[in-house]
Amino acid sequence: MDLQIALLLGQDGITNGAIYALLSLALVLVFTVTRVIFIPQGEFVAFGALTLASLQTGVLPGTLWLLIGLGAVAGLIDTVFALRDRQLQRIPRILGINLALPLALAGLLANIPLSSLGLPIQVLLTLAVVVPLGPLIYRLVFQPIAEASVLVLLIVAVSVHVTLTGLGLFFFGAEGSRTPSFTDASFEIGDAMIQGQTLLVVAASLTLIVALYLFFERTLWGKALRATAMNRTGARLMGISATMAGKLSFSVAALIGAFSGILISPITTIYYDSGFLIGLKGFVGAIVGGLGSYPLAAAGAVMVGLLESYSSFWASAFKEVIVFTLIIPVLVWRSLTTRHTEEEE
Amino acid sequence: MSEYSNDTTAEKPLILDVRDLSVSYGKVEALHGLALKIRAGEIVTVIGPNGAGKTTLLSALMGLLPARGEIVYLGQRQGSDRQVEQLVRQGMTLVPEKRELFGEMSVEDNLLLGAFDRYRSGKRDHADTMAEVFDIFPRLRERRRQLAGTLSGGERQMLAMGRALMARPKLLMLDEPSLGLAPLIIREIFRIVGELKKTGVSILLVEQNARAALQIADYGYVLETGEVSLEGPSEALSSDPRVIESYLGLGGRH
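Note that the protein sequences, when read in sequence, are chains A and B.
The first sequence lines up with residues 1 to 345 when you count with full-length UniProt numbering.
The second sequence lines up with residues 1 to 254 when you count with full-length UniProt numbering.
Worth flagging that the hints you see were computed from the coordinates, not collected in a lab.
Among the hints, erroneous ones may be present.
[Claimed, not checked] Cβ-Cβ distance ranges computed for the label pairs, FRET-style:
# : chain 1 : residue 1 : chain 2 : residue 2 : range
1 : A       : Arg-218   : B       : Gly-149   : 18 to 24 Å
2 : B       : Asp-128   : A       : Arg-93    : 27 to 33 Å
3 : A       : Pro-92    : B       : Ile-136   : 38 to 44 Å
4 : B       : Ala-40    : A       : Pro-92    : 34 to 40 Å
5 : B       : Thr-199   : A       : Val-156   : 42 to 48 Å
This structure is a prediction, so every number in the text was calculated from the model and none was measured.
From the three backbone atoms N, C-alpha and C, an ideal C-beta is built for every residue, glycine too.
Given these sequences and hints, build the entire structure.
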């Protein structure tokens with residue numbers, strides 16, 4: 001391997017690592033706030049990429065029907081609860097958010113020339129379709145079992161993952177999609193050729209990481225999420241409901257997932273089930289940080305990206321094996337260095 | 001019962017009216033048929049030994065535990081499905097025995113989160129409220145940038161109380177504010193609780209430290225094995241031989 005190849009692989013590794021880092025942050029967020037190990041994180045990546053690809057070919061994405069369907073069920077359930085509690089004043093809002101908004105989005109998408117829109121608009125529309133799936137899944141699946149043990153939540157998360165993968169196959173078919181590159185620019189620095197796409201992915205990831213940091217450090221809503229993660233009882237006593245925190249964390253996770261999918265789709269072909277492996281690599285990163293530390297998770301994820309890239313050069317057939325074997329020394333190291341604490345609930 | 005024995009308190013509106021309250025953990029009943037009243041601007045204390053059900057009472061009132069019986073708060077009968085978040089919105093706050101601070105956040109952020117629900121419902125006066133809280137607890141102003149987890153026991157209690165005050169509560173419930181604190185700090189905390197009365201907030205003070213609690217309270221209840229065994233105006237309770245023997249003693253239990 002000469003320097004040029006090493007640099008190229010490094011570039012590749014950092015690009016993928018930046019995306020894994022985003023996903024690992026989402027996993028840490030969802031786990032600390034709701035105790036759910038968010039296995040379906042990868043499906044949001046696939047949905048983001050494939051929804052964007054659909055829009056670019058001018059087809060209404062299947063995720064839109066999923067959004068309308070989940071919204072209708074959630075709207076119905078919440079309306080029944082509001083009727084039971086005689087809180088009629090809540091019904092217009094419930095129906096507005098769960099039914100009217102998705103239908104309005106569908107109406108909009110059906111009536112504009114999707115394929116000829118600019119990329120930024122297509123990206124925004126993709127996010128508008130995919131991100132609300134996060135809080136809806138929390139509402140329908142995890143909110144009713146919010147007090148369950150971590151193991152039960154994990155099993156349910158796995159079943160959500162399997163269901164969403166199946167729906168992905170149904171919506172998008174077995175064919176993979178690859179969206180056109182955001183930019184064809186490339187720069188030469190010395191001997192190394194740096195792709196514009198690489199810079200864009202890294203810059204977009206860093207921007208999102210900084211935005212998340214500011215959200216958690218500077219806004220009251222971000223602080224409320226951190227407070228819930230630190231002390232659930234304390235947060236409830238401040239009026240920060242676990243339901244609200246759960247929906248908000250799932251929204252952020254869905255946003256990160258869909259955005260990562262959009263970033264990665266010009267680099268690799270994404271199939272309906274590609275998200276799982278990508279999400280798992282984010283998970284390995286999150287495990288390095290013990291599912292609790294954001295900076296360690298991000299660093300671990302970048303390391304996973306680099307390891308994957310270099311191992312694909314030396315032992316292409318074993319690249320996944322090498323990446324996932326990494327988790328063993330990490331777990332050994334963590335179990336030796338961290339004090340074991342019993343689960344509180 | 002001596003509910004109307006004191007005419008001056010009878011004129012003030014009721015903040016909390018609890019009747020026949022029972023709480024069970026599985027088959028074990030921790031509270032049976034408890035009745036309790038708090039009037040506007042009063043300090044009411046519930047004293048009693050460990051395990052009498054004092055913390056259970058506060059948890060049930062705050063909606064953290066399911067309870068049977070009738071709870072009327074601010075003239076509204078509370079349903080059995082009442083949620084902590086709704087009660088917070090209606091001005092009820094609890095400073096729990098374990099303080100439940102956000103240890104990895106600064107003192108300032110902890111206080112800010114105390115105003116979360118007011119902020120959310122559009123009342124953006126947290127800066128003023130925080131200034132008032134800093135006036136009550138100057139120590140917190142000095143430590144505003146420090147992480148809550150690094151505070152001393154007394155400061156943690158002050159922060160927990162300050163955080164509760166950030167919600168501008170109508171009813172402030174304090175669970176054992178003296179727990180684990182040095183005598184000098186306890187005196188300081190009780191002085192502040194007594195002064196809070198001037199701001200018009202009603203206070204339900206649960207304490208093992210009966211002497212200190214009865215000194216600042218208007219009315220007291222003695223809770224033993226899940227039932228109210230005695231109640232009355234604080235002066236009357238302080239001179240009741242049964243209270244003196246069990247809770248005040250000669251040197252006190254603290």
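Cβ-Cβ distance between Asp-128 (chain B) and Arg-93 (chain A): within 27 to 33 Å?
-> 31 Å, holds
Confirm or reject the claim that Pro-92 (chain A) and Ile-136 (chain B) have a C-beta distance inside 38 to 44 Å.
-> 42 Å, holds
At the C-beta level, are Arg-218 (chain A) and Gly-149 (chain B) separated by a distance inside 18 to 24 Å?
-> 21 Å, holds
Per the hint of 42 to 48 Å, is the separation of the Cβ atoms of Thr-199 (chain B) and Val-156 (chain A) within bounds?
-> 47 Å, holds
Satisfaction of the hinted span 34 to 40 Å by the C-beta atoms belonging to Ala-40 (chain B) and Pro-92 (chain A) = 36 Å, holds
Every hint from the earlier list agrees with this structure, and none is contradicted.
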